[in-house]
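Student: 28 is the number of the first residue of the sequence shown in the numbering used here; add one for each residue after it.
Hints are computed from structural coordinates only; laboratory data are not their basis. Given the structure is predicted, the values throughout are model-derived calculations rather than measurements. Please note that a few of the clues may not be correct.
Stated by the list, open to error - In silico lysine-lysine, DSSO-like type, Cα no more than 27 Å apart, as pairs:
{"hint": "1", "residue 1": "K102", "residue 2": "K47"}
{"hint": "2", "residue 1": "K33", "residue 2": "K109"}
{"hint": "3", "residue 1": "K69", "residue 2": "K82"}
{"hint": "4", "residue 1": "K33", "residue 2": "K69"}
{"hint": "5", "residue 1": "K47", "residue 2": "K69"}
{"hint": "6", "residue 1": "K49", "residue 2": "K111"}
{"hint": "7", "residue 1": "K47", "residue 2": "K111"}
{"hint": "8", "residue 1": "K93", "residue 2": "K69"}
{"hint": "9", "residue 1": "K49", "residue 2": "K82"}
{"hint": "10", "residue 1": "K39", "residue 2": "K93"}
{"hint": "11", "residue 1": "K82", "residue 2": "K47"}
{"hint": "12", "residue 1": "K47", "residue 2": "K33"}
{"hint": "13", "residue 1": "K93", "residue 2": "K82"}
{"hint": "14", "residue 1": "K102", "residue 2": "K49"}
{"hint": "15", "residue 1": "K69", "residue 2": "K111"}
{"hint": "16", "residue 1": "K39", "residue 2": "K69"}
{"hint": "17", "residue 1": "K109", "residue 2": "K47"}
{"hint": "18", "residue 1": "K82", "residue 2": "K111"}
{"hint": "19", "residue 1": "K109", "residue 2": "K49"}
{"hint": "20", "residue 1": "K93", "residue 2": "K33"}
{"hint": "21", "residue 1": "K33", "residue 2": "K102"}
{"hint": "22", "residue 1": "K49", "residue 2": "K33"}
{"hint": "23", "residue 1": "K109", "residue 2": "K82"}
{"hint": "24", "residue 1": "K82", "residue 2": "K102"}
{"hint": "25", "residue 1": "K49", "residue 2": "K69"}
{"hint": "26", "residue 1": "K39", "residue 2": "K49"}
Said to hold, decoys possible - Label pairs and their computed distance ranges (CB to CB):
{"hint": "27", "residue 1": "N79", "residue 2": "K33", "range": "30 to 36 Å"}
{"hint": "28", "residue 1": "D86", "residue 2": "T38", "range": "20 to 26 Å"}
{"hint": "29", "residue 1": "M28", "residue 2": "K93", "range": "30 to 36 Å"}
{"hint": "30", "residue 1": "D114", "residue 2": "S29", "range": "25 to 31 Å"}
{"hint": "31", "residue 1": "K111", "residue 2": "N50", "range": "35 to 41 Å"}
{"hint": "32", "residue 1": "D86", "residue 2": "S29", "range": "17 to 23 Å"}
{"hint": "33", "residue 1": "N37", "residue 2": "S101", "range": "22 to 28 Å"}
{"hint": "34", "residue 1": "R112", "residue 2": "T77", "range": "25 to 31 Å"}
{"hint": "35", "residue 1": "M103", "residue 2": "H46", "range": "20 to 26 Å"}
{"hint": "36", "residue 1": "M28", "residue 2": "G67", "range": "16 to 22 Å"}
{"hint": "37", "residue 1": "G67", "residue 2": "T38", "range": "30 to 36 Å"}
{"hint": "38", "residue 1": "G104", "residue 2": "L57", "range": "32 to 38 Å"}
{"hint": "39", "residue 1": "N37", "residue 2": "G80", "range": "27 to 33 Å"}
We put the beta carbon where it would ideally sit given N, CA and C, even for glycine.
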Amino acid sequence: MSENYKFVQNTKCEYFPCHKVKNESEFNCLFCFCPLYMLGDKCGGNYSYTENGIKNCADCTLPHTKGSYEHVMSKMGLVMEKGKRED
């Protein structure tokens, strides 16, 4: 079975690539908006916080690299826990 669903590239996007990378041909646009942002310090990426406490992912290429699909999927349990309804 192919695994083409793990890699998407949109070179026509006006923001492509949205991060500086060495090899644009390997830049993965699948997670254009990182689904792990909400995990704060548990995302595993290269982030920082602004003086106002806002998470800044400008230097993070984790969701755009080879293997990003596996990493994001490994964290989806945490994302689902955060998204649960609180009764």
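Student: Does each hint hold? Answer for all of them.
Tutor: Structure-based check of each hint:
1. K102 <-> K47: Holds, because 24 Å separates the two Cα atoms, which is no more than 27 Å.
2. K33 <-> K109: With a Cα-Cα distance of about 24 Å, the restraint between K33 and K109 holds, given a limit of 27 Å.
3. K69 <-> K82: Answer holds: K69 to K82 is near 12 Å, not above 27 Å.
4. K33 <-> K69: It holds: about 22 Å lies between the C-alpha atoms, which stays within 27 Å.
5. K47 <-> K69: holds, 23 Å
6. K49 <-> K111: At roughly 38 Å apart (the allowed maximum being 27 Å), K111 and K49 break the hint.
7. K47 <-> K111: violated, 35 Å
8. K93 <-> K69: Status holds; Cα separation ~20 Å.
9. K49 <-> K82: holds, 24 Å
10. K39 <-> K93: With a Cα-Cα distance of about 20 Å, the restraint between K39 and K93 holds, given a limit of 27 Å.
11. K82 <-> K47: holds, 19 Å
12. K47 <-> K33: holds, 21 Å
13. K93 <-> K82: Status holds; Cα separation ~23 Å.
14. K102 <-> K49: This hinted pair holds, its Cα atoms lying about 26 Å apart.
15. K69 <-> K111: Holds: K69 and K111 sit about 17 Å apart, inside 27 Å.
16. K39 <-> K69: Violated, because 32 Å separates the two Cα atoms, which is more than 27 Å.
17. K109 <-> K47: violated, 30 Å
18. K82 <-> K111: holds, 22 Å
19. K109 <-> K49: violated, 34 Å
20. K93 <-> K33: holds, 9 Å
21. K33 <-> K102: holds, 15 Å
22. K49 <-> K33: holds, 20 Å
23. K109 <-> K82: Measuring from Cα to Cα gives roughly 17 Å; hence the hint holds.
24. K82 <-> K102: Measuring from Cα to Cα gives roughly 18 Å; hence the hint holds.
25. K49 <-> K69: holds, 26 Å
26. K39 <-> K49: holds, 19 Å
27. N79 <-> K33: 30 to 36 Å: holds, 35 Å
28. D86 <-> T38: 20 to 26 Å: holds, 22 Å
29. M28 <-> K93: 30 to 36 Å: Violated: the Cβ-Cβ distance is about 18 Å, outside 30 to 36 Å.
30. D114 <-> S29: 25 to 31 Å: violated, 42 Å
31. K111 <-> N50: 35 to 41 Å: For N50 against K111, whose Cβ atoms are near 38 Å apart, the range 35 to 41 Å holds.
32. D86 <-> S29: 17 to 23 Å: Check failed, 32 Å falls outside 17 to 23 Å.
33. N37 <-> S101: 22 to 28 Å: holds, 24 Å
34. R112 <-> T77: 25 to 31 Å: Roughly 30 Å apart at Cβ, these two residues keep to the hinted range, so it holds.
35. M103 <-> H46: 20 to 26 Å: holds, 22 Å
36. M28 <-> G67: 16 to 22 Å: About 35 Å separates the Cβ atoms of M28 and G67, which means 16 to 22 Å is violated.
37. G67 <-> T38: 30 to 36 Å: holds, 32 Å
38. G104 <-> L57: 32 to 38 Å: This hint is violated: roughly 19 Å between Cβ atoms.
39. N37 <-> G80: 27 to 33 Å: Since the Cβ atoms of N37 and G80 sit about 32 Å apart, the hinted range of 27 to 33 Å holds.
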